[in-house]
Amino acid sequence: MSVKLTQGAVEALFKGSEVNDPVLQLLNIRKITGDTGPRYRLILSDGQHSLSSFLLATQLNHLPEDNLLVPNCVCKVKRTITNSLSDGRIVVIVLDMEILQSAEETGGKIGNPTLYTVDSKTSTPQKSASSVSVPASPPSAAVPGPSYRNSSALSPPRGSGRGFFGKSPMKTSPMKASPMKASPMTASPMKASPMKFSPTKFSPTKFSPTKFSPTKFSPMKGDSTSPGSSTTVIPIAHLNPYQSKWTIRARVTNKSSIRTWSNSKGEGKLFSFETVDESGEIKITAFNKEVDRFFSLVEQGKVYYISKATLKVANKQYTTLKNDYEMTLHAHSSIVPCDDSQGVPTLHCDFVPIAELENRDSDTIIDVIGVCTTADDVSRITTKTSREVSKRALNLIDNSGKVVAVTLWGEEAEKFDGSGQPVVAVKGARLSDFGGRSLSALFSSTVMVNPDIPEAFRLRAWYDREGYALDSQSLTETRSAGSGANMNWKTLSDIKSEQMGHGEKAEYFTCLATVVYFRKDNCLYQACPSADCNKKVTDQQNGLYRCEKCNREFPNFKYRLILNANLADFGDNQWVTCFQETAEVLLGHSAETLGQLRDTDEAAFDEVFQKANFTTHIFKNRAKLETYNDECRVKVTVMEVQPVDHREYSRRLLSNIRKLAR
Amino acid sequence: MLRPRKLPRETKLWNQAFPAQCCIVQSLVTPTQQVVKMAGILDVPKPRINCSMLSQHISRPVCFVGRVEKVHPTGKTFTVADGEGKIATVELNDPLEEELSGVVEVIGMVSNKGAIMATTYNMLREDKGIAFDLELYNEALKVIQDFPQHYPFEVAASG
Numbered sequence: 001m002s003v004k005l006t007q008g009a010v011e012a013l014f015k016g017s018e019v020n021d022p023v024l025q026l027l028n029i030r031k032i033t034g035d036t037g038p039r040y041r042l043i044l045s046d047g048q049h050s051l052s053s054f055l056l057a058t059q060l061n062h063l064p065e066d067n068l069l070v071p072n073c074v075c076k077v078k079r080t081i082t083n084s085l086s087d088g089r090i091v092v093i094v095l096d097m098e099i100l101q102s103a104e105e106t107g108g109k110i111g112n113p114t115l116y117t118v119d120s121k122t123s124t125p126q127k128s129a130s131s132v133s134v135p136a137s138p139p140s141a142a143v144p145g146p147s148y149r150n151s152s153a154l155s156p157p158r159g160s161g162r163g164f165f166g167k168s169p170m171k172t173s174p175m176k177a178s179p180m181k182a183s184p185m186t187a188s189p190m191k192a193s194p195m196k197f198s199p200t201k202f203s204p205t206k207f208s209p210t211k212f213s214p215t216k217f218s219p220m221k222g223d224s225t226s227p228g229s230s231t232t233v234i235p236i237a238h239l240n241p242y243q244s245k246w247t248i249r250a251r252v253t254n255k256s257s258i259r260t261w262s263n264s265k266g267e268g269k270l271f272s273f274e275t276v277d278e279s280g281e282i283k284i285t286a287f288n289k290e291v292d293r294f295f296s297l298v299e300q301g302k303v304y305y306i307s308k309a310t311l312k313v314a315n316k317q318y319t320t321l322k323n324d325y326e327m328t329l330h331a332h333s334s335i336v337p338c339d340d341s342q343g344v345p346t347l348h349c350d351f352v353p354i355a356e357l358e359n360r361d362s363d364t365i366i367d368v369i370g371v372c373t374t375a376d377d378v379s380r381i382t383t384k385t386s387r388e389v390s391k392r393a394l395n396l397i398d399n400s401g402k403v404v405a406v407t408l409w410g411e412e413a414e415k416f417d418g419s420g421q422p423v424v425a426v427k428g429a430r431l432s433d434f435g436g437r438s439l440s441a442l443f444s445s446t447v448m449v450n451p452d453i454p455e456a457f458r459l460r461a462w463y464d465r466e467g468y469a470l471d472s473q474s475l476t477e478t479r480s481a482g483s484g485a486n487m488n489w490k491t492l493s494d495i496k497s498e499q500m501g502h503g504e505k506a507e508y509f510t511c512l513a514t515v516v517y518f519r520k521d522n523c524l525y526q527a528c529p530s531a532d533c534n535k536k537v538t539d540q541q542n543g544l545y546r547c548e549k550c551n552r553e554f555p556n557f558k559y560r561l562i563l564n565a566n567l568a569d570f571g572d573n574q575w576v577t578c579f580q581e582t583a584e585v586l587l588g589h590s591a592e593t594l595g596q597l598r599d600t601d602e603a604a605f606d607e608v609f610q611k612a613n614f615t616t617h618i619f620k621n622r623a624k625l626e627t628y629n630d631e632c633r634v635k636v637t638v639m640e641v642q643p644v645d646h647r648e649y650s651r652r653l654l655s656n657i658r659k660l661a662r
Numbered sequence: 001m002l003r004p005r006k007l008p009r010e011t012k013l014w015n016q017a018f019p020a021q022c023c024i025v026q027s028l029v030t031p032t033q034q035v036v037k038m039a040g041i042l043d044v045p046k047p048r049i050n051c052s053m054l055s056q057h058i059s060r061p062v063c064f065v066g067r068v069e070k071v072h073p074t075g076k077t078f079t080v081a082d083g084e085g086k087i088a089t090v091e092l093n094d095p096l097e098e099e100l101s102g103v104v105e106v107i108g109m110v111s112n113k114g115a116i117m118a119t120t121y122n123m124l125r126e127d128k129g130i131a132f133d134l135e136l137y138n139e140a141l142k143v144i145q146d147f148p149q150h151y152p153f154e155v156a157a158s159g
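If you're matching them up, the sequences are chains A and B in order.
The opening position of the first sequence corresponds to residue 1 in the numbering used here, with each subsequent residue numbered one higher.
The opening position of the second sequence corresponds to residue 1 in the numbering used here, with each subsequent residue numbered one higher.
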């Protein structure tokens, strides 16, 4: 018994028009692994045309699994839905079908179906030309066919769709009706491609290769028909060193300046730029001659077609982009400006709210965006390598209400204009724990002032409404009240119980304590008047004072303070030493004044100490083990004295109590 | 007139947190008529409370710190809000002689109706020193309530 196939049904289904229960023959079936489980791809024929873009709905998966749906059987397709994929290919999903006749009953292929293509005048059935192996159509493989969007050879594992050809009209024969993809495909293992229709890289030997035309059609990404390079564009994420003929379309996000070097092998120059497209980003470097060729062509923010460069594994030291590879341009590379930049994002930025910076580790590369509240002037610094570099620090605030300091270097520092509180975005800055938390722009960072991204507009709006009035807390504070990493709160009893300072290194800690005694007998000494020299001078008794360090004699000296005090808190007390700066803060008078008072008015001198006695402050101290005449003891020096902020201190106590209670 | 109360070691921590407050009690100035009445209340421990604790201290002497909300036209009663925002009423024996505003510390007995019958009050001047943080004070009150074993005010006062 022979059933009649519904001729023209394939064409109709493909075009999405209504067909009433067409009867089709299954020529082949292939199992593919989809995201949700196995899917079956079918090649159905109506006797006139065959089409491989049929996908079996999962609810019908049991048909092939139970061996009901086998090649050559005839079935009635009762319900379908035709979808077009984002890249233009059409897929017909079979939602309901009924087996009319089994393969055995049918015998063989009915009719002489040709592979359906857009241009229905395809004549040559695939099978004739293709022998066993798909790619074995050397003519087509060899002809990249400029008028086809054919990625002439290796194309990434995308698009194993069949036949959706876009605008290029099909030329007939020698070129197979559908562009073929060449060999590596067979060789390449069936990589699970993100497409559902995945890699029909079928090893043709498996099935009657005749029916399958390995037409891979490369998806048309962004249609720009730039005449010369009609090669297909692949996404950056698919680049790898094993393919050599590809084109990417991407926007330049960061272009560096030309750097020259000279080492034992000679001299050279390079410049690099980073590019981004919808799928990812990659860094591109040009050396020597290519620098001359491309430096003026490549402009930041513009979109280009780039092809024929070498890909190699990225040197993570020099780049912070998320790509395993990086590109080097060579003599055959081509960069062509692209007009149609639809869909190519401007920048891939992963902004971190400033308040969260505290939780990130230092030395990580971060992107931030904020409004520049203040910017310091440019200063010139000499680095350790004796290079002079300009630097500028600016403060950024964002809608988390926190402020952080960002340091810009070199040309960027010089060019930066912080007037008008612009929105500044920095991509690829390094987070450091200098002064708590701060950011530093690296050579590879991009600094954008008032960038054209939605984040920037949001920040601007927030700042104009509320941000400008916020009295926010900077993460980069040098004051101890900041959230710096240098606050190590201890009580005086901890010094003995934890044996602080006993290790090799000095230990720094902060405590709240009250002064209970000043040793005022020996608090002042006569020091060398030359700047930076604080050595004690010996009184020569002839009106001159000799400094051993400077090896000179002076007619005068300056008074300096070394104050020994006893601090106490509820738990313990501790002798500490305060030098000039801290002693002056504690006593409220300068060393000079005190020196004079001591010589003139004893009562007033004592009064100063009386007033300062029993005052409570926050002390930042350093504890270290020191040997003095064979005796080892821990000496504590006061590094900084600050008034007590009762509120902050209370809050800390409350939180400590709660923590202890847990 | 008033002896500063001896405070136990354990409460030193609290005093570290609120150094201003340990001087408050000492600065009360009392009118002569009230001396006898006052002497009674001032010699006993007066736990510091907020509105939520009022009901547990009925007929007992307490110390309540809060922000003045409204003063009754007669001047004999006014409302105060505590650190949590809840309101309590304070009743006086004699009408107010001055403008009352800002944070006040009221010492008195809690009536059956939950109002405070004040024997004396003290205004914490806002123009002097550091502003009083009522919310922080409330947090401290909660700590004292949660850990009475560390804050044995009653025992100490009688000792």
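Source of the hints: derived by calculation from the structure; they are not laboratory data.
A hint or two may mislead.
As the list claims (entries may be wrong) - As a list, the in silico BS3-like pairs of lysine-lysine whose alpha-carbon atoms are at most 25 Å apart:
| # | chain 1 | residue 1 | chain 2 | residue 2 |
| --- | --- | --- | --- | --- |
| 1 | A | K659 | B | K142 |
| 2 | A | K308 | A | K289 |
| 3 | A | K624 | A | K611 |
| 4 | A | K611 | B | K142 |
Against the structure, the hints come out as follows:
no.	hint	verdict
1	A:K659 <-> B:K142	holds (14 Å)
2	A:K308 <-> A:K289	holds (16 Å)
3	A:K624 <-> A:K611	violated (30 Å)
4	A:K611 <-> B:K142	violated (36 Å)
Checked against the numbered hints listed earlier, the structure breaks hints 3, 4; every other hint is satisfied.
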